[in-house]
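Asker: Sequence:
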Amino acid sequence: MRIGFYAALVFLVVAGIIGCRQSPTADGGAGRQLVVSWELVSNFTNVKDGFEARFTLTNNSDQTLTDANWALFFNMAPRPIITPKTPQLATVRHINGDWYTLVPNKGFSLKPGASTEISYEGTEAVTKLTDAPLGLYVVLYDKSGKEESVAEIANYTIRPFTRKEQALRGVNDLEPRYTPENTYQNNLSVSLLPTNQLQKIIPSPVKLAIGTETLALAASMPIYAEKGLEGEANFLKQKLKALTGKDLSITTGTPPATGIFLKTGSVSVNGTVNEAYRLGIDGNGISITGSDAAGVFYGIQSLLALLPTEAYLTPTADMAVRYTQIEDAPRFAFRGLHLDVSRNFQTKETILRILDLLAFYKVNQFLFYTTEDEGWRLEIDGLPELTNVGAQRQHTSGKETPVLHPAYGSGPKAYADGKYGSGYYTKADFVEILKYAKERHIKVIPELNFPGHARAAIKAMEARYQRLMKEGKEREANEYRLIDPDDKSVYLSAQGYTDNVVSVGQESTYHFYEKVVDEIAKLYKEAGVPMDVMHAGGDEVPEGAWTKSPIAAKLLRENPTIGDPKNLQAYFFQNLLKRLKKRNLEVHGWEEVALTKSAAGAYVPNPAFVGQKVVPYIWNNLFDPDLGNRLANAGYPVVLCNVSNFYFDLAYTNDPREPGLYWAGYVDTRNSWAFAPFDMFKTTYKTAMGKPLDFTGLERMKPEARKNIRGLEAQLWSETVKGRDMAEYYMLPKLMGFAESAWAPERPWETIENRQAREKAISEGWNVFANTLAQKDLPRLARINGGYAYRLPPPGALIDKGTLKANVELPGLLIRYTTDGTEPTSQSTLYKNPVPITGTVKLKSFDSAGRSSRSAVVTSTNL
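Under the working numbering, the residues of the sequence shown are numbered 922 to 1784, in order.
Rather than coming from a laboratory, the hints here were simulated on the basis of the structure.
Just so it is clear, CB atoms sit at the ideal spot from N, CA and C, and this is done for glycine as well.
There may be inaccurate statements among the hints.
In silico BS3-like cross-links for lysine-lysine, where the CA-CA straight-line distance does not exceed 25 Å [as the list claims (entries may be wrong)]:
| no. | residue 1 | residue 2 |
| --- | --- | --- |
| 1 | Lys1443 | Lys1348 |
| 2 | Lys969 | Lys1085 |
| 3 | Lys1487 | Lys1364 |
| 4 | Lys1184 | Lys1158 |
| 5 | Lys1032 | Lys1085 |
| 6 | Lys1160 | Lys1359 |
| 7 | Lys1364 | Lys1469 |
Restraint ranges, calculated between C-beta atoms of paired labels, are given here [said to hold, decoys possible]:
| no. | residue 1 | residue 2 | range |
| --- | --- | --- | --- |
| 8 | Thr1759 | Gln1159 | 51 to 57 Å |
| 9 | Asn1675 | Asp1203 | 40 to 46 Å |
| 10 | Asp1741 | Ser1065 | 25 to 31 Å |
| 11 | Lys1443 | Thr977 | 19 to 25 Å |
| 12 | Leu1109 | Phe1602 | 25 to 31 Å |
Can you make the complete structure from the sequences, with help from the hints?
Answerer: So this is what it looks like as structure tokens:
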């Protein structure tokens, strides 16, 4: 879900930049020796929200680059390109999605050893290094215009963003610029707390009482498990062995006098039964009673969270836990994470690590986003092209070919080392993931996003169509075809695609969807996991789709009640819903599945699907702030995915070095933690550009509609997420804040009407949570599963009248600094109190596990 390209800029789409020829594979010498640098010039241009950037090209080969023998290709965060103020020697053109090309203009010549600069302009400001062009490669052409060679750019640099006009999004950006000095001022709102004031467990249990006595965990202490809890017992056994080295035995016979007891029984906490548990630690051992197996499992996770952080940092056989009594149950039944592995692929091993993380923080839903415009990631029996074509990206001669072109820096070659554009999960991989999730009481929800966001499937089925047509099998070729070949509709999707919407007027489209669902259901059955939910996507169908499709026109003539082509999305979902309900599937989807467009083009709730087991996921609380309230009030069970709080792919801050997107502003851990689900206006104050929001006249959630809030979900879209470490960095520690919002009981500040009083209560609560992260939970994650790549915030700092002052966002982190220009290490000088200093200072935050942040730099001239 994004706000991206403007549909009004369809005319910017470049068709037929180069002919439809399959590309060669040889590397050209001139291409390999082209040196490229890129610089963001400014976001303060004469164009509203515009930017200016510049390429510098140096030809280190012995071949002259002319106006016809080369083109540079790259990926760039999708932005419309506009005509530059002054003529340039070459032109940046948009091809499709985030795929662009730089092509020479007539008269271009770059001789060996020469350099040239090429400027270009666009809209939607650029403020992040992760926005810069990526995956650059050059194609050389012979005299006839045929592709001769393809070579990656080996020597490419991105110049740093150091100026205000690079760090802010133009004159309309009201967010303060990221500086160590501003960070220092922000950090003054938190303070260091003693360990006895830290939160004992994240997420907070409903009731918790800690005693003064302790229980020693002894090797002779067996784990007693009632029938049906063997899996939970073995899970606990393995975790304790990793921490203590003790191999505790498991018994299911007569309960021992002292031990760890896992049982199910009647447990209800605040009226909630499902997933509820009681945990008791006393002289007789440890007792965990759950209302069901999931409740027992979450009791185990709370036990593990109670163990000392030191035990995770330095496993020891001598471990004791304080006497404790807990009664606990989740606030929301649905607590989910959505993970996009289509834009950039993640390995099976990374998925398993994430599932462990979700389990530890009591997240019980995993929306596995394996299909998108840029990649199809799941092997499907009978449709090999879905992975042979749809799971890999590579250079191709144009967007019309049945090939996925490069995206998000994946480069010209499929499966290249260090790239994340290619890859998929085999059926066996998927079954293993399902089983692993089931053991951790996590429901994996599959998603097949139609009718938009479907380019990978479209291209794969076009490759299948061409193969079978060559074999003379016309009927089979058309069986799963997804497009109207005569469709001349012109549109531009939110991510810049011109060809990512399926035809909704032909049976083959529905047949394909049913085929995929049925094959996925077989994998669930093989894993021994019920499949009772399907996420149908349904978002971001661009304006203009189906308007010039003969098949769509025929459908509209035969069904005059549909009216406008824009209503075909609701028509498609209505038909798809009937087919999925026959398979006993509850259908989830992005908010558009429960909306229809008014005559004026505004989205309004569609009453047609209320009570039809349709669950919309609501992300849009900034551009349509009361949408979630309106759908809940209309009777829909909804999942809240608020972009201002739970979009983990949005950058933590506006520091240009901080990776991530920002089309909806910035999301840090505090945003994920400070969320009032029944009155979102209480915790959302500003637009994406930092302008105060006005909720006057907007619809509030009715008290009787609160029961319609199924739960909360966090999203990690992966446009800028390259590999496991980046995924974990984006998630952690935001996931902990989200878990608190999804599981913990209602926080007192959620119902305080006076904003000043509410903000004071929020700040006090956040201070406890921030201290807990720094002193307890984050260091522990440095060791679990070999360590997660969590983020530590850089220090805030300033030099005031020759005195260095520094602080941290998460109290309990240590600050170390250097004055000789080197990067601080764990051996560098420890900052304790303001200290006299001159010159330049580099500072980093460190936790007790030895992990550190990015460095902050201040100088004595920054007054």
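Asker: Which numbered hints are broken by the structure, listed smallest first?
Answerer: 3, 5, 7, 10, 11
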